[in-house]
Amino acid sequence: MDNKKDPGYGRKIKLFLNSKLSPHVIIAHKALLLYILITYRRLLLSPFDRFPFLPFISCLDAVPSVIFTGFIFILFGSIFASILKIANYRLVSLISGSIVIILILSSKTLFSNSLTFTACLLILIGLYRKKDYLFRIQISLLYIGASTNKMIDPDWWNGIYFDFFFRDIFNVDFYQSWVPENIFAVAKSFGIATIFTELSLGIAVLIPRITRNTIIFGLLFHASILVITSGQLSKIFFYIMCAGYLPISKINIQPLKLSYKSNALLKFVRYLDPSDSIILGNQTNDKFILQTNNGNYYGIKGVMRLFFSKQVLISAFFLLFMIYMQSGFFISKILHPIFSIF
Amino acid sequence: MKRKITFRRSILIIFFCLQILGIIIGKFSDARFFCWAPYDQFSFYEINVSINGRELNDQEISERYRRGKRGRNNRNIHNVISNVRQYEETYAVKKNVTVELKYVINGQQKGSWIWPEDKIISEQ
Numbered sequence: 219m220d221n222k223k224d225p226g227y228g229r230k231i232k233l234f235l236n237s238k239l240s241p242h243v244i245i246a247h248k249a250l251l252l253y254i255l256i257t258y259r260r261l262l263l264s265p266f267d268r269f270p271f272l273p274f275i276s277c278l279d280a281v282p283s284v285i286f287t288g289f290i291f292i293l294f295g296s297i298f299a300s301i302l303k304i305a306n307y308r309l310v311s312l313i314s315g316s317i318v319i320i321l322i323l324s325s326k327t328l329f330s331n332s333l334t335f336t337a338c339l340l341i342l343i344g345l346y347r348k349k350d351y352l353f354r355i356q357i358s359l360l361y362i363g364a365s366t367n368k369m370i371d372p373d374w375w376n377g378i379y380f381d382f383f384f385r386d387i388f389n390v391d392f393y394q395s396w397v398p399e400n401i402f403a404v405a406k407s408f409g410i411a412t413i414f415t416e417l418s419l420g421i422a423v424l425i426p427r428i429t430r431n432t433i434i435f436g437l438l439f440h441a442s443i444l445v446i447t448s449g450q451l452s453k454i455f456f457y458i459m460c461a462g463y464l465p466i467s468k469i470n471i472q473p474l475k476l477s478y479k480s481n482a483l484l485k486f487v488r489y490l491d492p493s494d495s496i497i498l499g500n501q502t503n504d505k506f507i508l509q510t511n512n513g514n515y516y517g518i519k520g521v522m523r524l525f526f527s528k529q530v531l532i533s534a535f536f537l538l539f540m541i542y543m544q545s546g547f548f549i550s551k552i553l554h555p556i557f558s559i560f
Numbered sequence: 270m271k272r273k274i275t276f277r278r279s280i281l282i283i284f285f286c287l288q289i290l291g292i293i294i295g296k297f298s299d300a301r302f303f304c305w306a307p308y309d310q311f312s313f314y315e316i317n318v319s320i321n322g323r324e325l326n327d328q329e330i331s332e333r334y335r336r337g338k339r340g341r342n343n344r345n346i347h348n349v350i351s352n353v354r355q356y357e358e359t360y361a362v363k364k365n366v367t368v369e370l371k372y373v374i375n376g377q378q379k380g381s382w383i384w385p386e387d388k389i390i391s392e393q
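Chains A and B supply the protein sequences, listed in that same order.
Residue numbers for the first sequence follow this note's numbering, so the first one is 219 and each next one is one higher.
Residue numbers for the second sequence follow this note's numbering, so the first one is 270 and each next one is one higher.
Here chain A stands alone, though its shape is the one from the complex (with noise of 0.2 Å):
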């Protein structure tokens, strides 16, 4: 397949050439930076005053304001510059990832575990060359961590935890129905169930033989999470887990070259393409041309196949997730002053 780009790429303005990253870590990458950019927006709506506030490291109530509030514009404005494709990935993962770092180091009031997962997973996204295996070390520790905080904790291996999970905070019918109040047992085999399903977890992500069992098997553990709570938890984990399991996931996104007789259109489809694997092939007098690796498809057969391409896919899922995450901020921002101008 000819890989040749089309006229003007060259010219387009980056500010840091050539971040040589395959597709699927790219997407990761996106994907973790969408969202800090939704989920914490409220720092760039008021950037000002906001840091230092009860630092984890004394020394930072020193620091001027401005400083953090010019962190804080820097953050955004790579990811911006990312999202617009017009900068090295990589060195965006390690400036961002770092910044979030540094934001949370500053307050405590910040401080949640996705996020620092999160900044985390884009520093090695930054220091990522070949090998997987720093994601894999990631996601280990992370399980591990996980695991033997809850083994130390007696309200795991009683059944107190889980009981007032299902009873009180999140109110799960069948529970409460199947279960009498007072009886701990089947709480008590939830609870010691999470803590070794973590603790493989955490073991299993290193082999890297069992990948894509141990990704079923953790999304599996996520989702069940998400679904026994209708919903109300493990949105977040279950996202940026998904992100984290992309880079080991050994996904090979092929590049997709498209041919058009309207070559704007085209240009417009490649910049929507998250995963920089859309390559424009020469302008065409007839109909739509799709070239991959395993063929060419023609006209509504290769717009089925860019559809159902595993960039749009995985993309797409990515972009509904978090739009069902903050349906309520896309409903009353978005949605409804759209509809509201008919």
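Bear in mind the hints are in silico, worked out from the structure with no lab data behind them.
Do not rely on the hints blindly, as some may be mistaken.
Said to hold, decoys possible - With a straight-line Cα cutoff of 20 Å, these simulated SDA-like cross-link-like pairs (lysine to any residue) come out:
| # | chain 1 | residue 1 | chain 2 | residue 2 |
| --- | --- | --- | --- | --- |
| 1 | B | K379 | B | R339 |
| 2 | A | K453 | B | N343 |
| 3 | A | K326 | B | S331 |
| 4 | A | K453 | A | T257 |
| 5 | B | K296 | A | M369 |
| 6 | A | K406 | A | F392 |
| 7 | A | K349 | B | F285 |
| 8 | A | K326 | B | S298 |
| 9 | B | K371 | A | I387 |
| 10 | B | K371 | B | R354 |
| 11 | A | K468 | A | P426 |
| 12 | A | K326 | B | Y308 |
| 13 | A | K348 | A | K468 |
Could you slot chain B onto chain A? The hints should help.
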């Protein structure tokens, strides 16, 4: 070229060692911050603050600690105690402040933390 790789590797080693250290320290500290302990405890809390005998209202408490007077904490309750303690130690040292933070952990263990005594009183 070799130096670059070594530098990158050394950064990675430090990066992971800090996390391992965080997990180990987390086992011996009350406030488990950097030890990967998401959702290890649910607690409901209520903060009452008085300065020179005057009780602060909900909004004043929210502005003071950047968290509500009442709320649910999805991590260890010592995370909240740590925030309030640090505020009183560093930003409000010269005032006559008394704080009582009442909490219930996992619906069972009731307790309260009081300032300036910096003491936890467990209720059984």
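List of violated hint numbers, smallest to largest: none
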